[in-house]
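A.B. asks: Please model the complete structure; the sequences and the hints are all you need to start from.
Each protein sequence line maps, in turn, to chains A and B. Under this note's numbering, residues 15 to 417 are what the first sequence spells out, in order. Under this note's numbering, residues 9 to 352 are what the second sequence spells out, in order.
Keep in mind the hints are simulated off the structure, nothing from the lab. Treat the numbers as computed from the prediction; the structure is a model and nothing was measured. Idealized CB from N, CA, C, for every residue including glycine. Mixed in with the good hints, there may be bad ones.
Example chain A residues on the side facing chain B (calculated, C-beta under 10 angstroms, incomplete) [claimed, not checked]:
hint: 1; residue: Thr43
hint: 2; residue: Asp108
hint: 3; residue: Leu109
hint: 4; residue: Arg111
hint: 5; residue: Lys218
hint: 6; residue: Ala364
hint: 7; residue: Met370
hint: 8; residue: Glu371
hint: 9; residue: Leu373
Some chain A residues well away from chain B (every beta-carbon gap over 12 angstroms; in silico) [claimed, not checked]:
hint: 10; residue: Ala26
hint: 11; residue: Glu166
hint: 12; residue: Ser180
hint: 13; residue: Leu265
hint: 14; residue: Leu271
hint: 15; residue: Ile289
hint: 16; residue: Ala292
hint: 17; residue: Gly308
hint: 18; residue: Gly320
hint: 19; residue: Leu330
hint: 20; residue: Lys332
hint: 21; residue: Val361
hint: 22; residue: Leu382
hint: 23; residue: Leu406
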Amino acid sequence: MAWYAFVSVLVAVGAYATYLRITGGMASTNLTSIVPWGAWVAFYIYFVGLSAGAFLVSTMANVFEVEGMHRIDRDALFAAIISMAVALLFVWIDLGRMDRMYFPFFWRQLTSALSWEVHAYVAYIGILVTELYFSMRIDLARVADRTSGLKERFYATLALGRLDTSEASQAFDQRWLKRAGVVGIPLAIFMVHGGTGVLFAVSKARPYWNSGLFPVIFVISALLSGTALVMLIYVLRTRLFDGEAVNPDLLDRLAQLLIGFIVVDAALTAIETFIAIASLHPHEIETWNVIMYGPMSWSFWWFMVGFSWVFPMVLLSKRSWRRTPGVMVIAGLSVVIGIIAVRFNIVVPAQIMPVMEGLPHGSYFPTLVEWGTSIGMIGVGLLLYTLGAETLPLTPLSGGDHE
Amino acid sequence: MSTADDGDVFPGVPDVGKADLDAMVEDERPDPREELADVEADTDLGVAMAEDAKRVSRGEITGDEYWEKYDEAAADEFGEAYQETPNPAVDAGDQTVSTETAESLSCAVGSMDTVSTESAQVEGEESGGGIGAGDEKWGMVIDLQKCVGCDSCTVACKSENRTPPGVSYNVVMEEEHGEFPNVTRTNVPRPCMQCDNPPCVQVCPVSATYKMDDGVVNIDYDRCIGCRYCNIACPYGARYFDFGENYDDEVDGAGEVTSPEYGVDRGPREEGESPIGNIRKCNFCTHRLERGEEPACVETCIGDARNMGDLDNPESEVAKMADSSRAFQLKEDEGTDPNVYYLK
Chain A
15 MAWYAFVSVL
25 VAVGAYATYL
35 RITGGMASTN
45 LTSIVPWGAW
55 VAFYIYFVGL
65 SAGAFLVSTM
75 ANVFEVEGMH
85 RIDRDALFAA
95 IISMAVALLF
105 VWIDLGRMDR
115 MYFPFFWRQL
125 TSALSWEVHA
135 YVAYIGILVT
145 ELYFSMRIDL
155 ARVADRTSGL
165 KERFYATLAL
175 GRLDTSEASQ
185 AFDQRWLKRA
195 GVVGIPLAIF
205 MVHGGTGVLF
215 AVSKARPYWN
225 SGLFPVIFVI
235 SALLSGTALV
245 MLIYVLRTRL
255 FDGEAVNPDL
265 LDRLAQLLIG
275 FIVVDAALTA
285 IETFIAIASL
295 HPHEIETWNV
305 IMYGPMSWSF
315 WWFMVGFSWV
325 FPMVLLSKRS
335 WRRTPGVMVI
345 AGLSVVIGII
355 AVRFNIVVPA
365 QIMPVMEGLP
375 HGSYFPTLVE
385 WGTSIGMIGV
395 GLLLYTLGAE
405 TLPLTPLSGG
415 DHE
Chain B
9 MSTADDGDVF
19 PGVPDVGKAD
29 LDAMVEDERP
39 DPREELADVE
49 ADTDLGVAMA
59 EDAKRVSRGE
69 ITGDEYWEKY
79 DEAAADEFGE
89 AYQETPNPAV
99 DAGDQTVSTE
109 TAESLSCAVG
119 SMDTVSTESA
129 QVEGEESGGG
139 IGAGDEKWGM
149 VIDLQKCVGC
159 DSCTVACKSE
169 NRTPPGVSYN
179 VVMEEEHGEF
189 PNVTRTNVPR
199 PCMQCDNPPC
209 VQVCPVSATY
219 KMDDGVVNID
229 YDRCIGCRYC
239 NIACPYGARY
249 FDFGENYDDE
259 VDGAGEVTSP
269 EYGVDRGPRE
279 EGESPIGNIR
289 KCNFCTHRLE
299 RGEEPACVET
309 CIGDARNMGD
319 LDNPESEVAK
329 MADSSRAFQL
339 KEDEGTDPNV
349 YYLK
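C.D. replies: So this is what it looks like as C-alpha cells:
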C-alpha cells in the first residue's frame, strides 16, 4: 500500500507538470535552439537502453538456454515492454507538436535514422509482446483453470483462448518463443539500441557523437543497465511479492554478467575518449573538457564513473557479497541510476560547444517542469509494472527451468 | 494667420496660412459632377451616395441606414457587378453594418479577404508549378570586405519575416582575433546556406524539410512534428525552434501580422498553431523572390555586401562572384556544398 501511495505521488506530480507542459508549450523547458535536446531525450535513450538490455538478458534464458535463468525470463521481458512504453512517452512529450505524433507512419525519409527507429520500436514491441505471450501462455492457462467467472475469462483472453496445458503445447510455445527471440536479438542490438546510437552518430555537425564506436558503446551500456535492472527486479520481486528466498546461484550469475559489462563499458568509453582527445580536433577536446571539468562535471565523476562503474564494481568484487541480495540490490540500483548520468552526458555536452566559432555557447539544466514530467512518466512505468506483476504470472508456476 | 511678422518666418518655408491652404485644396479638388459625367453610371446617384457617405463618417447617419437607402438603387444601377462583389462594409473581422442589414443586401456577402486570396491564387497558378518551382538556382554571395558588421541584415530579416524572440534567420558572427593593438575583426553574416546536400533534409523523419526546384530548402510547417533532429544536424546552427514566445511586451499586437513564408499566409500568430512548435529558418525570403524582389537582407545591406542571383546562369553577377578566387563556402569539408558563398 505504501508503495502504491509513493507511485501515486510520482504520477500526480507528473500529471501536474504535464499540464504545465501542455499549456505552456515548449517554453516550459530550458531548451533553446542552441541546446534543442535535453532531459527528455536523455531519458528516452535511457529507457530504450534499459529495454534492450533487459530483453537481451531474457534471451539468455529463452534462446541460449543458460541454466537457471528461466526464473527471470518473464520479468525481464515485461520490464523491457514497460521500459519501451516509457521511452515512447518521453519521445512524445518531447515533440514540439505532440498532436502530430503519428506523422512518422504517414511520411518517411529513407535517410533518416529517426524514421527507421520509429518503425524498429514498433516491431520490437511486437516481438516483446509475442515473446512474453509464448513464455507465459501455459501459466495463463493454468491460472484460468484455477479461477472462475470474470477472472477466468480475463486470463483465458490473455492466453488467446489456447488453454491446453499439455507438454506438446508447451513445447510448441517454447519453439516459437525461441524463434521470436532469434529475430529479436539482432532487432534489439542493431536496430533498436544500436540504431538509437546511430541516430546520434550520424550527426557530423557534432564530432563528439560522430564516431563508429559510439553506437557500440550505446549497446554495451544498455546491456549494463538492463542486467542491473533485471537483477534489481529479481531480488525485490522475489522478496516482496513472492516472499521466497533468492537463489544465490542465479544472483551470482547475474552479478558476474554485470562485472563483465562494466569492464567492457568502461574500457570502450576510455578508448572512445582517447581517440577523441588524440585527434586534437578542437571541438572534441573542448567537449571533453566540458564533460570532465565543466560546471556539470559532477555528473560525470560522481554518477557516471562513480555510480555506474566504480561503486558497483567494489560491491561486486567479493563472492559472498555477490550472493547477498541486499548488497546486490544496492549495486543494481547504483548502476541503474548511474546510467542516467551516462545518457545525460551523451545528449547534453555535444550541444554546449557552438557548431561554428562566433555562435553562442549552450548551457542547459532541466526546469522543474522537465523533472516533474520525467518523474511522472517513470511513475507511470512503475505503476504499470506493479499492476502487471500483481496480475500476471511473471514467476513461472512450475518454479524452475524449462522442463 | 498670415499675419506673422518676419521673425516667425523660417528661411525656405513659404509664408502661407490655413485659409490659403484651404483655397489651394479647393482649387485642386475636381468637380464631382464633371468627374462622374465621364462614367456610365448615374451622376445623381453617385453624388448623393458620396454626400451621404460623408455623413456616415461624421456620424450623422449609421452605416445601416446608408446601405438600406442605397442597396436597391445600386443593384439597379450596377446589376451583376454589384451583386457579385462583396460589400466592403461587410467583413468578418471589421464589420461596420449590423448582421441583419448585411443579410438584407443584394450584393454578395463575403469578406474582402476572400476576394484577395482568390485573386492571389489565380496569379500563383499563372506563374506555374507553385512556390519554389522557378528555373533559377538561387544563390547568395556575401562580400566580407564590404561587410561592416552593422547587423542591419539581421534587423531587416526579423522585421520582414516577423520572427519571434529566439528565432533569428540571419545572424552576424563577429570574431575578434589578436591582441591590442594588433586586432582584426571579421564579421561573417550567416543566413541558411541552402546546402546542395543538406544534412537537415537527410535526418527529417517525416520529410517535412526538402529542397525545392529553385535550390531553397523548404520547411513544411504543416508536417513538421517538432523533433528538432534537423536542429541538431545543421552544421551551421541555422535552424531555430519556435518556442511560441512573442514580442508582446515590446510591441502592441506583435503577433497580429505574420510573414507569408513559403507563400502561405497563416494569419495572426496563435498558440498551438504552426509555426509554433516547429523548426524555422531562413528561406532566402521565398515569398519575396516569388514576386521578383530580393531578400530583405540583400536589399537593406548598407555596404551592398550581399548579392542574390541565379547560380545556374553563368552570366549572372553571383555566378561570376562565386567563381572568383576570393570565393569560399563555410565548412567546405562537410560536403554540404552551400549555395551561400563568401568573398574573402
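A.B. asks: Take the hints in turn and mark each one as holding or not.
C.D. replies: Verification of the supplied hints:
A cut of 10 angstroms between beta carbons decides the hint on Thr43 (chain A): the least distance to chain B is about 8 angstroms, and the hint holds. Given the 10 angstroms rule on beta carbons, the hint for Asp108 (chain A) holds: about 7 angstroms separates it from the nearest Cβ of chain B. Look at Leu109 (chain A): its Cβ gets to within about 5 angstroms of chain B, closer than 10 angstroms, so that hint holds up. Evaluation of the Arg111 (chain A) hint against chain B yields a held restraint, the C-beta minimum of about 5 angstroms falling below 10 angstroms.
Taken as an interface hint, Lys218 (chain A) checks out: its beta carbon lies about 6 angstroms from the nearest beta carbon of chain B, inside 10 angstroms. At its closest, the beta carbon of Ala364 (chain A) sits 8 angstroms from a beta carbon of chain B; the interface hint therefore holds under the 10 angstroms criterion. For Met370 (chain A), the suggested interface contact is upheld, since its CB lies about 6 angstroms from the closest CB of chain B, less than 10 angstroms. Hint status for Glu371 (chain A) relative to chain B: holds, with the closest Cβ pair at about 6 angstroms, below 10 angstroms.
Checking Leu373 (chain A) against chain B: minimum C-beta separation of about 5 angstroms stays under 10 angstroms; hint holds. Distance check on Ala26 (chain A): its Cβ is at least 25 angstroms (rounded) from any Cβ of chain B, clearing the 12 angstroms threshold; non-interface status holds. For Glu166 (chain A), the shortest C-beta to C-beta distance to chain B comes to about 44 angstroms, beyond the 12 angstroms cut-off, and the non-interface label holds. Interface exclusion of Ser180 (chain A) from chain B stands, the closest Cβ pair being 47 angstroms apart, more than 12 angstroms.
For Leu265 (chain A), the requirement that its beta carbon stay farther than 12 angstroms from each beta carbon of chain B is met, with the minimum near 41 angstroms. With a cut of 12 angstroms on Cβ distances, Leu271 (chain A) stays outside the contact zone with chain B, its closest approach being about 34 angstroms. Listed as outside the interface, Ile289 (chain A) is consistent with that label: its C-beta sits roughly 19 angstroms from the nearest C-beta of chain B, beyond the 12 angstroms cut-off. The beta carbon of Ala292 (chain A) sits about 20 angstroms from the closest Cβ of chain B, which is more than 12 angstroms, so the claim that it is off the interface holds.
Distance check on Gly308 (chain A): its Cβ is at least 20 angstroms (rounded) from any Cβ of chain B, clearing the 12 angstroms threshold; non-interface status holds. Its beta-carbon lying about 29 angstroms from the closest one in chain B, Gly320 (chain A) satisfies the requirement of being farther than 12 angstroms from that chain. Residue-level check passed: Leu330 (chain A) sits 36 angstroms from the nearest beta carbon of chain B, beyond 12 angstroms. Listed as a non-interface residue, Lys332 (chain A) keeps its Cβ farther than 12 angstroms from every Cβ of chain B; the least gap is roughly 44 angstroms.
Against the 12 angstroms criterion, Val361 (chain A) falls within the reach of chain B, whose nearest CB is about 10 angstroms from its own CB. The beta carbon of Leu382 (chain A) sits about 17 angstroms from the closest Cβ of chain B, which is more than 12 angstroms, so the claim that it is off the interface holds. Under the 12 angstroms C-beta cut-off, the non-interface status given to Leu406 (chain A) relative to chain B holds; the minimum distance is some 34 angstroms.
Against the hints set out earlier in the document, a violation occurs for number 21 only.
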